[in-house]
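Model the placement of chain B on the given structure of chain A, informed by the hints.
Those protein sequences? They're chains A and B, same order as listed. Under the working numbering, the first residue of the first sequence is numbered 1, with each subsequent residue one higher. Under the working numbering, the first residue of the second sequence is numbered 1, with each subsequent residue one higher.
Keep in mind the hints are simulated off the structure, nothing from the lab. Among the hints, a few may not be true.
To be verified - For each label pair, taking beta carbons as the anchor points, the in silico distance ranges come out as: (1) SER26(A) <-> LEU196(B): 43 to 53 Å; (2) ILE394(B) <-> LEU22(A): 30 to 40 Å; (3) GLY156(A) <-> PRO44(B): 23 to 33 Å; (4) ARG192(B) <-> THR86(A): 22 to 32 Å; (5) GLU298(B) <-> ALA27(A): 24 to 34 Å; (6) ASN98(A) <-> LYS4(B): 47 to 57 Å; (7) LYS181(B) <-> THR86(A): 30 to 40 Å.
To be verified - Okay, derived cross-link-like pairs now, DSS-like style, lysine-lysine, Cα gap no bigger than 25 Å in a straight line: (8) LYS40(A) <-> LYS35(B); (9) LYS38(A) <-> LYS142(A); (10) LYS160(B) <-> LYS4(A); (11) LYS305(B) <-> LYS12(A); (12) LYS305(B) <-> LYS4(A); (13) LYS377(B) <-> LYS10(A); (14) LYS4(A) <-> LYS384(B); (15) LYS93(B) <-> LYS10(A); (16) LYS392(B) <-> LYS293(B).
In this text, a Cβ means the ideal position worked out from N, Cα and C, and glycines have one as well.
Chain by chain, the residues:
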Amino acid sequence: MSSKASILEKIKQNQPSSISELPDLSALGPDTYENLQKYKTVLNAIGGAFVEVKDNDEVISYIKNNYPAEKRKITTIPELSEIAETNWTNDDPHSLENVELTIVKAHFGVSENAALWVTNELLGQRASVFIAQYLAIVVNKKDLVPTMHQAYERIGNQDYSFGTFIAGPSKTADIEQSLVLGAHGARGLIVFLMD
Amino acid sequence: MSGKIIEHSKAAEIFNRDIKREEWHDETLWMVREKRDNAAFQIPEWELLRETASQIKNNVLSNIHQYLQDFEEQAKKNGVVVHWAADGHEHNKIIHSILENHCVKQIVKSKSMLTEECHLNEYLTDKGIDVIDSDLGERIVQLRNETPSHIVLPAIHLKKEDVSETFHEHLGTEKGNKDPKYLTEAARLHLRNVFLSRKIALTGVNFAIAETGEFVVCTNEGNADMGVHLADVHIACMGFEKIIPQRKHLGVFLRLLARSATGQPITTYSSHFKKPADGKEMHIVIVDNGRSKQLGREDFRNSLKCIRCGACMNTCPVYRRSGGHSYHNAVAGPIGSILAPNLDMSKNADLPFASTLCGSCTNVCPVKIDIHEQLYKWRQILVKEGYTPTTKTIAMKGMASVLANPVIFDFAGKTARFIMQKAPGLVNNNFNPWYKQREMPAPPEESFREWYKKNSRESKDKNNEQ
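Chain A extracted, bound-state conformation:
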């Protein structure tokens, strides 16, 4: 008998004889929530920063003023091609190792934990948001949901090959519980909250 067959056989014998019901999730997640304010507070608390912008032009001028011009920047947002490369998405991901800043757009954000939902179609390459020294993510203010329950309602049956929630910069506290930002992923995260 294959391991699969023998494992499944043992499980069948040993699992409880009757199926216990799945709970109803509809009572979870608050009715009223001040999304934008909550999002900002939580993002700051987990080491991220935000800038409120009206449009992509404001994103461009912020990046010009705050990141060194000579360092490599990449994006999947065509409107930002003035300040960042857009023709890298078919390259070997190892070639992204010298990227200083990656700028992508998120589908939506979650106020209770400041997480942003991104999937492969927004990332260009899966590695892009992890390998860069710094990360910037654009999200529309109207695309903030209160909790993870609404987040998964919104994701629904969306088909993706890879998706991730990103909440703040990469971090570790593995040395004596001292918090250090920039473990292996981005050293800093800036969120552009767009009108």
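The following block gives chain B in isolation, referenced to the frame of chain A:
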């Protein structure tokens, strides 16, 4: 760490010799517990969340036979290769064969307690494979030739001085520089080269979704993603109990996991892997290794609901004061102590006794496992089946015959009070294990029976007078 197992109480005694470090360990973990409380108290529906998570996991355990088959079917449709391993050895063999098929001699891993449980690192190292753990805490203990002492905080037993020395020796950092920022930066640079040069990356699995065939891996450091997205092959290893029915159930578990673990609202990255990237390979290894047996133990099956947050360890007064290594098991603390006897009763018979049964673990568990009750139940089984030390068995048998016979009980009580009053040195010494770190209580003048006899007579007399 191989070699002879040191019993928990002995290992705890060794851990307690360095009082300052023991106190620091205790306080640090309590701080993490307090962070958990702060995070939980901010969610008004926290208790409903716990109850919901518990019910979802109960459903999973009652229908896991179907969910696993659904998961495999979906994962295969997504282009993922699914393997099944009956035990740790088969799990290790499968991973080694994937490496061999690709003629690869190096692998980078993110945190997976399952691979610790299966002793994968030793297995692969023996076969000449270079294994590198990429979680900072795991890398630290790996360089020191130790095992993780905590499932979420692998190096929590170490001080920054220890890390500084280890990094000086292995990564060439400045001698004596113990700044966590500096040390983390050194690890970042060292591991970046590893990520950029490995062809095969291994991760654990936090949740696997039967409905879609995808699985979720949570990290704060980004090490799992760095490894996987730069490699050609991704191997994900999961105990079969990691399955959950539907994608929407992640909403419940991702709200609970990080808050329970470290007090964060969510981990930095919660990555959902569904299909391999173009031209790449994705493998999932589903492991039993005793889980199906535990599923059949009615009293202990719900230990399989565990989502590995570590909250029960952070709150446990015994764990905090004895350290993770004293549990000689991949998963330490209260949850480890109810999982370990299932794997090997004779090796792990001491663990269910490493508890005060205070119940704090049960109170913080995000999926409502009755941990302390299971510890108590394991004790009864272990004693019945003869796995407890003979001294304890003899003492218990002696106690039973004394308690069963009123004459002997009365005599024993009188003798004990006499000795404790006249010659306390006979009991207050190191031959009496109870005396360690405790004072014996002051002996009463008379026993309760004597007191009751006297007083009930007096009150009867009083009643008669009225």
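ask   = Taking only the CA atoms, is the gap from LYS305(B) to LYS4(A) under or equal to 25 Å?
value = OK: LYS305(B) and LYS4(A) at ~21 Å, within 25 Å.
Outcome of range test on Cβ distance (ARG192(B), THR86(A); 22 to 32 Å) = Once the Cβ atoms are compared, 25 Å apart, the range 22 to 32 Å for THR86(A) and ARG192(B) holds.
inquiry  = Please verify whether LYS93(B) and LYS10(A) have alpha carbons no more than 25 Å apart.
reply    = Holds: LYS93(B) and LYS10(A) sit about 22 Å apart, inside 25 Å.
request  = Can you let me know if the beta-carbon spacing of LYS181(B) and THR86(A) is within 30 to 40 Å?
outcome  = Hint holds: Cβ distance 34 Å, inside 30 to 40 Å.
message = Given the hint of 43 to 53 Å, is the C-beta distance from SER26(A) to LEU196(B) inside that range or not?
response = Holds - the Cβ-Cβ distance for SER26(A) and LEU196(B), about 46 Å, lies within 43 to 53 Å.
task = Mind checking the alpha carbons of LYS392(B) and LYS293(B) for me, to see if they're no more than 25 Å apart?
result = It is violated: about 28 Å lies between the C-alpha atoms, which goes past 25 Å.
request  = Compare the distance between the alpha carbons of LYS305(B) and LYS12(A) with 25 Å, and conclude whether the hinted pair is satisfied.
outcome  = It holds: about 17 Å lies between the C-alpha atoms, which stays within 25 Å.
query = Does 23 to 33 Å hold as the CB distance between GLY156(A) and PRO44(B), or does it fail?
reply = 26 Å, holds
Distance restraint between LYS4(A) and LYS384(B), which requires alpha-carbon spacing of 25 Å or less = 34 Å, violated
key: Pair hint outcome, LYS377(B) versus LYS10(A) [Cα-Cα no greater than 25 Å]   = 23 Å, holds
ask   = When you take the CB atoms of ILE394(B) and LEU22(A), is the distance between them in 30 to 40 Å?
value = This hint is violated: roughly 50 Å between Cβ atoms.
ask   = Does LYS35(B) lie within 25 Å of LYS40(A) when you go C-alpha to C-alpha?
value = 20 Å, holds
Of the hints listed earlier, those the structure fails to meet are numbers 2, 10, 14 and 16, in rising order.
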